[in-house]
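For the record, the sequence lines run as chains A and B.
My numbering puts the first sequence at residues 54 to 272.
My numbering puts the second sequence at residues 54 to 272.
It is worth saying that the hints were derived from the structure and are not from the lab.
Fair warning: there could be bad hints in the mix.
Which copy? The list can't say, so a pair holds if one copy fits it or any two copies do.
Unchecked claim - Below 25 angstroms or equal to it, Euclidean Cα-Cα: the simulated SDA-like pairs (lysine to any residue) are:
id	residue 1	residue 2
1	Lys140	Glu90
2	Lys189	Pro147
3	Lys173	Ser141
4	Lys189	Asp115
5	Lys55	Asp123
6	Lys111	Phe191
7	Lys207	Val122
8	Lys239	Ser141
9	Lys173	Ile83
Number of protein chains: 2
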Amino acid sequence: MKIFFDIDDTLFPSSEFSALARKNALNAMIGIGLDFEYQKLNDLLLSLIKEKGSNYPKHFNDLCTALDVDEPAKFVAAAVAAYHHTKSSIAPYPEIPRTLLRLKDDGHQIYVATNGASVKQWDKLIRLGLALYFDKVFISEELGASKSPEFYSKILKSLGCEASECVMIGDREDADIVPAKEAGMKTVRILKGKHSSIPSTADFTIEELGNLYQIVQRL
Amino acid sequence: MKIFFDIDDTLFPSSEFSALARKNALNAMIGIGLDFEYQKLNDLLLSLIKEKGSNYPKHFNDLCTALDVDEPAKFVAAAVAAYHHTKSSIAPYPEIPRTLLRLKDDGHQIYVATNGASVKQWDKLIRLGLALYFDKVFISEELGASKSPEFYSKILKSLGCEASECVMIGDREDADIVPAKEAGMKTVRILKGKHSSIPSTADFTIEELGNLYQIVQRL
């Protein structure tokens, strides 16, 4: 079987690390002398992220501009250093490495199928220590399509395989489950991260990654 | 007295860390499967850095392009992660923190005067653990002039002080010593880093940072 894994909130607790990185960044700004309440800074940062998107690289610059801060470079540098320090300490869900190795041992091919910028997604795989586990990595930037029936069809075509021998595993109903099903693949929804409360239409839905290996065996 | 410090190769061994970061980045690319000799990669990288300048952010992308590498994102991500990991572990020359504190205790004002991008130079001060030591930080990007007599005159004007009560300390004859002298400041040249073999015209020239405190007392 060919098994496709999403990265964020599937291989590692992405939402938790992002929240922690933001928290550490704001505390670093306060630590170096930014005289505002944490809660006010956090509310403003979240609204900027919502407005500009999470891949926008200047959130902390905009935060300083919005607050009319003197010497913004100092605070931006403190925030970015703390943010990157946290982001560089990501680790997989503890069950993931063992599960991947058991699936490979059983003769399955394992892949990554993810939305995002190529270098940024590879950076996560490298820091997670998982870069060399996968037979191939498919990233939307290189495929020229975000997760959609077209995204999954392109992958199937590139591997020259049937949808029925493929399973997509991910946390997002809209990106990982619905379009993969439409492309004919089997699906496993992982209830992790900030989208976990959205109802699942996947073939299997799991809360504990410890169950993933058994689920895949039943497919 | 007002004492101005350059950052790179004055407060910390910048040249050594840069060389180590490049080495670790290339070894990370090889480690993840880039099938080229280290020496060939290093020669090519050095020529790209020479051509594009050290602040250009895409050296590793260009390296992959020049080598016609398949799946460049993987190798770029590995290189950048290793490079940043090394760069984030910078530490001051061991004599620096103690020297700065003694100068402050003696009633001197201490400043940074550096060429570079504001956020990037602040990032170094923060990672060095020195950001809060200085009375003020002057960076060329904010001043609107690179190190030149004009750069130093702008600083003197902004502080409202005489050149004769100021001393500039740095490793570079062309940027730290000659133009600061021309602006009327006293100068101390530190023979560290890749420019250390260039002859010195500074008022004082030192090889060991342990001597810096005594030198400043004599000025």
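The hints, checked one at a time:
1. Lys140 / Glu90: This pair counts as within: shortest intra-copy Cα distance 24 angstroms, inter-copy 31 angstroms.
2. Lys189 / Pro147: within (22 angstroms within a copy, 46 angstroms between copies)
3. Lys173 / Ser141: Close inside one copy (12 angstroms) and across copies (18 angstroms); limit 25 angstroms.
4. Lys189 / Asp115: Result: close only across copies, 23 angstroms inter versus 37 angstroms intra.
5. Lys55 / Asp123: Between copies, since 23 angstroms is at most 25 angstroms while 54 angstroms is not.
6. Lys111 / Phe191: Intra 27 angstroms, inter 22 angstroms, cutoff 25 angstroms: inter-copy only.
7. Lys207 / Val122: Answer is between; shortest inter-copy Cα gap is 22 angstroms, intra-copy 48 angstroms.
8. Lys239 / Ser141: For Lys239 and Ser141, neither the intra-copy (33 angstroms) nor the inter-copy (43 angstroms) Cα distance is at most 25 angstroms.
9. Lys173 / Ile83: between (28 angstroms within a copy, 19 angstroms between copies)
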